[in-house]
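Engineer: So you can see what is in the structure, the chains are spelled out below.
2 protein chains.
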Amino acid sequence: MLQAIRQKKERLIVGLMSGSSADGIDAALVKVSGYGKSTVVQTIACDTLNYSSKIRELILKCSHPETGRVDDICRLNSLLGELFAKAVVYIAEKANCELSQIDLIGSHGHTIHHLPLPEKISGVEVTSTLQIGEPSIIAERTGITTIADFRPRDMAAGGEGAPLVSYVDYLLFSHPERSRVALNIGGIANITVLPAGASEEEIIAMDTGPGNILLDQLVYTITGGKSRYDLDGERANRGKVNQRILKKLLEHPFLRKPPPKSTGREDFGETYLHWVIEMGRGTAWDDLITTLAEFTVRTIVNSLEKFVFPYHHIDELIISGGGVKNRYLRRRLEESLPRQKILTSDHFSIPGDAKEAVAFAILANETLMGQKGNLPRATGARQRVILGKIIPGKSV
Amino acid sequence: MLQAIRQKKERLIVGLMSGSSADGIDAALVKVSGYGKSTVVQTIACDTLNYSSKIRELILKCSHPETGRVDDICRLNSLLGELFAKAVVYIAEKANCELSQIDLIGSHGHTIHHLPLPEKISGVEVTSTLQIGEPSIIAERTGITTIADFRPRDMAAGGEGAPLVSYVDYLLFSHPERSRVALNIGGIANITVLPAGASEEEIIAMDTGPGNILLDQLVYTITGGKSRYDLDGERANRGKVNQRILKKLLEHPFLRKPPPKSTGREDFGETYLHWVIEMGRGTAWDDLITTLAEFTVRTIVNSLEKFVFPYHHIDELIISGGGVKNRYLRRRLEESLPRQKILTSDHFSIPGDAKEAVAFAILANETLMGQKGNLPRATGARQRVILGKIIPGKSV
Numbered sequence: 001m002l003q004a005i006r007q008k009k010e011r012l013i014v015g016l017m018s019g020s021s022a023d024g025i026d027a028a029l030v031k032v033s034g035y036g037k038s039t040v041v042q043t044i045a046c047d048t049l050n051y052s053s054k055i056r057e058l059i060l061k062c063s064h065p066e067t068g069r070v071d072d073i074c075r076l077n078s079l080l081g082e083l084f085a086k087a088v089v090y091i092a093e094k095a096n097c098e099l100s101q102i103d104l105i106g107s108h109g110h111t112i113h114h115l116p117l118p119e120k121i122s123g124v125e126v127t128s129t130l131q132i133g134e135p136s137i138i139a140e141r142t143g144i145t146t147i148a149d150f151r152p153r154d155m156a157a158g159g160e161g162a163p164l165v166s167y168v169d170y171l172l173f174s175h176p177e178r179s180r181v182a183l184n185i186g187g188i189a190n191i192t193v194l195p196a197g198a199s200e201e202e203i204i205a206m207d208t209g210p211g212n213i214l215l216d217q218l219v220y221t222i223t224g225g226k227s228r229y230d231l232d233g234e235r236a237n238r239g240k241v242n243q244r245i246l247k248k249l250l251e252h253p254f255l256r257k258p259p260p261k262s263t264g265r266e267d268f269g270e271t272y273l274h275w276v277i278e279m280g281r282g283t284a285w286d287d288l289i290t291t292l293a294e295f296t297v298r299t300i301v302n303s304l305e306k307f308v309f310p311y312h313h314i315d316e317l318i319i320s321g322g323g324v325k326n327r328y329l330r331r332r333l334e335e336s337l338p339r340q341k342i343l344t345s346d347h348f349s350i351p352g353d354a355k356e357a358v359a360f361a362i363l364a365n366e367t368l369m370g371q372k373g374n375l376p377r378a379t380g381a382r383q384r385v386i387l388g389k390i391i392p393g394k395s396v
Numbered sequence: 001m002l003q004a005i006r007q008k009k010e011r012l013i014v015g016l017m018s019g020s021s022a023d024g025i026d027a028a029l030v031k032v033s034g035y036g037k038s039t040v041v042q043t044i045a046c047d048t049l050n051y052s053s054k055i056r057e058l059i060l061k062c063s064h065p066e067t068g069r070v071d072d073i074c075r076l077n078s079l080l081g082e083l084f085a086k087a088v089v090y091i092a093e094k095a096n097c098e099l100s101q102i103d104l105i106g107s108h109g110h111t112i113h114h115l116p117l118p119e120k121i122s123g124v125e126v127t128s129t130l131q132i133g134e135p136s137i138i139a140e141r142t143g144i145t146t147i148a149d150f151r152p153r154d155m156a157a158g159g160e161g162a163p164l165v166s167y168v169d170y171l172l173f174s175h176p177e178r179s180r181v182a183l184n185i186g187g188i189a190n191i192t193v194l195p196a197g198a199s200e201e202e203i204i205a206m207d208t209g210p211g212n213i214l215l216d217q218l219v220y221t222i223t224g225g226k227s228r229y230d231l232d233g234e235r236a237n238r239g240k241v242n243q244r245i246l247k248k249l250l251e252h253p254f255l256r257k258p259p260p261k262s263t264g265r266e267d268f269g270e271t272y273l274h275w276v277i278e279m280g281r282g283t284a285w286d287d288l289i290t291t292l293a294e295f296t297v298r299t300i301v302n303s304l305e306k307f308v309f310p311y312h313h314i315d316e317l318i319i320s321g322g323g324v325k326n327r328y329l330r331r332r333l334e335e336s337l338p339r340q341k342i343l344t345s346d347h348f349s350i351p352g353d354a355k356e357a358v359a360f361a362i363l364a365n366e367t368l369m370g371q372k373g374n375l376p377r378a379t380g381a382r383q384r385v386i387l388g389k390i391i392p393g394k395s396v
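Chains as they are written, first to last, in this note's numbering: chain A, 1 to 396; chain B, 1 to 396.
The reader is advised that the hints may include incorrect statements.
Any copy will do: because identical chains look the same in the list, a pair fits if it lies in one copy or spans two.
Only pairs whose alpha carbons sit at most 25 Å apart, straight line, appear in this in silico PhoX-like list of lysine-lysine [to be verified]:
id, residue 1, residue 2
1, 61, 247
2, 9, 325
3, 86, 120
4, 8, 120
5, 8, 248
6, 54, 341
7, 306, 120
8, 226, 61
Since the hints were derived computationally from the structure, they do not count as laboratory data. All values reported here derive from a predicted model rather than from experimental measurement.
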């Protein structure tokens, strides 16, 4: 059924990601040949389609236990499906490409809830995660075979369902002689450790803590929704770190947890930010922004120092994600990691803020080719599994 | 990737259904050969695995807008996935069959919300439905390729996502010379009209209104959860119809709506039952049960008289679903439809209360074979589409 797409030498694939910041849809059109370690990727077009404030608020409302109602979730699942489909149409037009030329879509969906720690319900142990953005709608509107919902299968195999991008980091960035760490600063920040010449069994990865999630939400809140993030890190550069608050932030129990570990809005969402703002009463907003930016830097650097550097000499750090554009984050990372060469993923033809979208295009390619897409030492899964759900397009 | 399963002459398929009554999981193991009109089905084993009261209450809680929270939905999606997987293991054991011999699972999931009427959100028109019971968990626990979530694709094509079983009725029950109606009395009751020799484009189908959903919930409520339904329709047989209440019930706007149409707990759920109970203050419980049973009969018969009999002479009625065992329903249907021969689906080797589970095994077979599984005149879809999401098993 999918044979025709599998047999092509080169496939045009759209990757779609809606990150935990809930700011918009990252879409990337890539040309992929091969699979597994022979994967070659070329980014043809990428962009972010921002959500309107109304949709962003609906997403946040649906994500929160106190306000996330079943009827709103039901509607939002379809609404995001429609918007993801529109994002595919948009990115195809931007690349001057017909929809019928595109072979495959990989859609991460939007995570409205993530509960990776085992809980017992009626005697049955479960872990759970909920991504929405109905892929049947994407496949029907575009006519393109769509692979979606990658996390639940890894969790079914005992993993935390995150980080999944680490397998893609392994495919794209691992090097026979240079030891590298891939760092993505999205809503949440995560690292993939790629020792020189390592096999896929040796790759470890983890979420390090918040990336932009708290920063973006704070800027959104104090500007009354006018700004969605601290452009270029200007405000963070202006402020001063409040050491008392930073110390408190660094006491978060997630930071002490050994890997594999993953986090999200459940740990570093509105409830947490509210507590930070309460703690920061009397502090200038810019200082609070700088403090949160420094918190992101410190959680990344601490993770490296605690869980990586004792075991591996790291030559290069390859950074990606929206946080790359924040000059404060960038500068402080460089100051804090003087022994590592810091490169952006653009260096490898993966635009920094499109990396996660590109990653889900590649994970879709792996599933199409019957390849397993998780890394047990990254997610904690018992074994490697084929990720995602396949929704046939029109031409199939 | 799925080629090996497609090429088999006979496939062992498990169908799973969790109906709107939320009473349990219907599981059926069937042997299927062919596809489309050449489909031949043999039921090997079937059973219903009742939910515990705690799980049933969690399902109902998650289904209701006022109480359906995102964290509970997230957990329940995994919990039901685990229970569906256990149901597969159970039915395989019952049939003395190794899991590795089973080729495919078709899982409907449990519908916790269904909003088939178009709504505009932020300028985007959406219809939506939400089935849960994570199929990635089913595929991982059993190692069997699983096809799930059939409704959203039909809705993406403009349909109401229901009734889907009508295509299966067409495959199994349509006859060159006899005009038939297939009637399933599950939580909701639905009919498929199969004129003699009709092509798939001519098949109409519709939900007629409540099946057992109100009856079961009333019995559950008045017995404090001790009974889940009116065994054999004993209490309905004992009571008397309250004509005043029946008249009020028959004024429900859904009943006047022309087909295609579908309904669910949103129309005939707890809020509605609460209103019925309020109206019935001072009425004996048995009389209220009889009145609700008569309501089910009348909505079925009225649908036939209004939407079917004016256009087709119907020879036979093939009934299935849990309602078949309710002697009151059965007797009153026979009295009300003297010109039709009433048969149960058992007559066609489809056990009455397993019919929906069998249907989703067959729909999974159709998707596997690249066949479209909806009927536009049944669901209102603009076109026929391939239904469901494919989750690869271990052996793939």
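Engineer: Please go over all the hints and tell whether each is borne out by the structure.
Structural biologist: Hints, verified against the model:
When the C-alpha separation of residue 61 and residue 247 is checked against a cutoff of 25 Å, the pair qualifies neither within a copy, at 30 Å, nor between copies, at 41 Å. In the homo-oligomer, the alpha carbons of residue 9 and residue 325 never lie at most 25 Å apart, since the shortest distance is 35 Å inside one protomer and 58 Å across protomers. In this assembly of identical chains, residue 86 and residue 120 lie within 25 Å of each other by CA distance solely across copies; the values are 16 Å between and 40 Å within a copy. Taking the shortest alpha-carbon separations for residue 8 and residue 120, neither the intra-copy value of 46 Å nor the inter-copy value of 40 Å comes in at or below 25 Å.
Taking the shortest Cα distances, residue 8 and residue 248 never come within 25 Å of each other, neither inside one copy (54 Å) nor across copies (62 Å). Proximity of residue 54 to residue 341 under the C-alpha cut-off of 25 Å is found in neither arrangement, the shortest distances being 41 Å within a copy and 56 Å between copies. For the identical chains of this complex, residue 306 and residue 120 are neighbours neither inside a copy (32 Å) nor across copies (50 Å), given an alpha-carbon limit of 25 Å. For the homomeric pair residue 226 and residue 61, the shortest alpha-carbon distance inside one copy (19 Å) is at most 25 Å, but the shortest distance between copies (37 Å) is not.
Checked against the numbered hints above, the structure violates hints 1, 2, 4, 5, 6 and 7; every other hint is satisfied.
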